[in-house]
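Novice: For this one, chain Z is given, so just place chain H on it according to the hints.
2 protein chains.
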Amino acid sequence: MNYKMEIQYDGTKYHGWQRLEKFETVQGKIEDVLTKLFGHKIEIHGAGRTDAGVHAKGQIANFKVNEDKKEEEILAYLNKYLPDDIAVTKISRVDDRFHSRLSAKGKIYSYRILNSDIEDVFNRRFVYRISGELYIKEMEKAAEYFIGEHNFKAFCSNKHFKKSAVREIYSIDFVKHGDEIELIFSGNGFLYNMVRIITGTLIEVGQGRRKAEEIPNIILSQKREMAGETAPAKGLCLMRVLY
Amino acid sequence: MNYKMEIQYDGTKYHGWQRLEKFETVQGKIEDVLTKLFGHKIEIHGAGRTDAGVHAKGQIANFKVNEDKKEEEILAYLNKYLPDDIAVTKISRVDDRFHSRLSAKGKIYSYRILNSDIEDVFNRRFVYRISGELYIKEMEKAAEYFIGEHNFKAFCSNKHFKKSAVREIYSIDFVKHGDEIELIFSGNGFLYNMVRIITGTLIEVGQGRRKAEEIPNIILSQKREMAGETAPAKGLCLMRVLY
Chain Z
1 MNYKMEIQYD GTKYHGWQRL EKFETVQGKI EDVLTKLFGH KIEIHGAGRT DAGVHAKGQI
61 ANFKVNEDKK EEEILAYLNK YLPDDIAVTK ISRVDDRFHS RLSAKGKIYS YRILNSDIED
121 VFNRRFVYRI SGELYIKEME KAAEYFIGEH NFKAFCSNKH FKKSAVREIY SIDFVKHGDE
181 IELIFSGNGF LYNMVRIITG TLIEVGQGRR KAEEIPNIIL SQKREMAGET APAKGLCLMR
241 VLY
Chain H
1001 MNYKMEIQYD GTKYHGWQRL EKFETVQGKI EDVLTKLFGH KIEIHGAGRT DAGVHAKGQI
1061 ANFKVNEDKK EEEILAYLNK YLPDDIAVTK ISRVDDRFHS RLSAKGKIYS YRILNSDIED
1121 VFNRRFVYRI SGELYIKEME KAAEYFIGEH NFKAFCSNKH FKKSAVREIY SIDFVKHGDE
1181 IELIFSGNGF LYNMVRIITG TLIEVGQGRR KAEEIPNIIL SQKREMAGET APAKGLCLMR
1241 VLY
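Chains as they are written, first to last, in the working numbering: chain Z, 1 to 243; chain H, 1001 to 1243.
Hint data in this document are derived by calculation from the structure and do not stem from the laboratory. It is possible that part of the hints are untrue.
For lysine-lysine, the following BS3-like pairs were computed, each having C-alpha atoms within a straight-line distance of at most 25 Å [said to hold, decoys possible]:
1. K1105(H) - K1080(H)
2. K13(Z) - K1080(H)
3. K176(Z) - K1176(H)
4. K90(Z) - K1176(H)
5. K80(Z) - K1013(H)
6. K80(Z) - K163(Z)
7. K80(Z) - K29(Z)
8. K1070(H) - K1041(H)
9. K1057(H) - K1090(H)
10. K1176(H) - K1057(H)
11. K57(Z) - K105(Z)
12. K90(Z) - K41(Z)
13. K1176(H) - K57(Z)
14. K159(Z) - K141(Z)
15. K13(Z) - K57(Z)
16. K1041(H) - K1069(H)
17. K1013(H) - K13(Z)
18. K1137(H) - K176(Z)
19. K1070(H) - K1036(H)
20. K1141(H) - K1223(H)
21. K80(Z) - K70(Z)
22. K1057(H) - K176(Z)
23. K1036(H) - K1069(H)
24. K1137(H) - K1176(H)
Being a predicted model, the structure only gives us computed values, none of them experimental.
Here chain Z stands alone, though its shape is the one from the complex (with noise of 0.2 Å):
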């Protein structure tokens, strides 16, 4: 059986995503659980490795086990062991051939931005918050040209990534709710801090420390020194898998 599940969590507390020996971790706090309803070691396999604070609204998992168990027992199970900044929210039974991340043929990223002097004290754990003004308008002209296929090596920071850096956005979209500004980037897949040092980079020209006509440079230098800073990482949530 091939058990494909859809996951929510509030990275706040955890190491990330996958798992580590010393740490905490969503995937290492999922398999406990599941080693434990099926009594022998499970090893599950995610769509994306958030990092350590990043959160998840849709993350997607599979597993394969020989047991046949209903979807609802698991799920019960799951959500029952599970502590409360993690939850399932589905499970359902996927065709063998079916791979979390293999399969996968996009993700949807959300970048929270509060731009205000005053904390919001209910979602301080999911925002980044900015004094000052922000130039939003510099923002959205800046973002259209990380648009399509480029080579992202300027937006990785990962040195020593040896794979072809090549991506496609398929597109930013700007929501303002009141003080908040979600940045939602969707795209065929993202290198390792790629949505991070974007929305950095954005948040530079927002502030009117860089101009938005420079970004093709910085792409084209392919060089992360050139692109601006990494931005926090607890802004931002991986809302959903493309398959």
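Specialist: Just chain H now, with coordinates in the frame of chain Z:
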């Protein structure tokens, strides 16, 4: 000078509003910062003494000092030194006769219920989750009986309450957002735990454990044991104080 503050807090980790010797409270935190700023002991008066675990989006408090400091200076200092689960959103100079609690004409509270088998990991500190079916129509019918001026002694946790327990509830509105039901209470005043006991009673109606038509007799009984359970603190939020 008499300064009026608007305050938001995530009450999860506090022993409520009111200053206590051995526990962290919201009043205590704010007084400590103001005492540091002014260099002498400051006492603040809150409009409502929210319980441990209760939140606020619009708590009001005032304090009197002889010093004539700029509002912006006090606001910036408070938000710099307060923990990130407490924020002062506004500060203004008001007439000497203004007193947060004594001048209040009414209050608005919100109680958030999540009717789902699955945790909402992002709002888990702010909603009370209930599995299984809830008959909202019946809850709305039951809520109608509370509107108006009544003796609410049956909905008060303080058994030794000596003063008048007569209060007027102006409205109880049900607002639905997906699986969430937000109950919005407005009234001229609320007794100790009154919103939580009314909500607990309405939930029992929603679960079919009581009939809406029982409410008038519960009110008339003036007996706490006739009413339902006290709903958990975490769903409750003081939204606004009316003057």
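Novice: Next, verify each hint and record whether it holds.
Specialist: Here's how the hints hold up against the structure:
no.	hint	result
1	K1105(H) - K1080(H)	violated (32 Å)
2	K13(Z) - K1080(H)	holds (24 Å)
3	K176(Z) - K1176(H)	holds (22 Å)
4	K90(Z) - K1176(H)	holds (22 Å)
5	K80(Z) - K1013(H)	holds (24 Å)
6	K80(Z) - K163(Z)	violated (41 Å)
7	K80(Z) - K29(Z)	holds (13 Å)
8	K1070(H) - K1041(H)	holds (19 Å)
9	K1057(H) - K1090(H)	holds (12 Å)
10	K1176(H) - K1057(H)	holds (19 Å)
11	K57(Z) - K105(Z)	holds (18 Å)
12	K90(Z) - K41(Z)	holds (21 Å)
13	K1176(H) - K57(Z)	holds (21 Å)
14	K159(Z) - K141(Z)	violated (28 Å)
15	K13(Z) - K57(Z)	holds (16 Å)
16	K1041(H) - K1069(H)	holds (16 Å)
17	K1013(H) - K13(Z)	holds (16 Å)
18	K1137(H) - K176(Z)	violated (34 Å)
19	K1070(H) - K1036(H)	holds (16 Å)
20	K1141(H) - K1223(H)	holds (22 Å)
21	K80(Z) - K70(Z)	holds (16 Å)
22	K1057(H) - K176(Z)	holds (21 Å)
23	K1036(H) - K1069(H)	holds (14 Å)
24	K1137(H) - K1176(H)	holds (12 Å)
In summary, the structure is inconsistent with hints 1, 6, 14 and 18 from the numbered list given earlier, while agreeing with the others.
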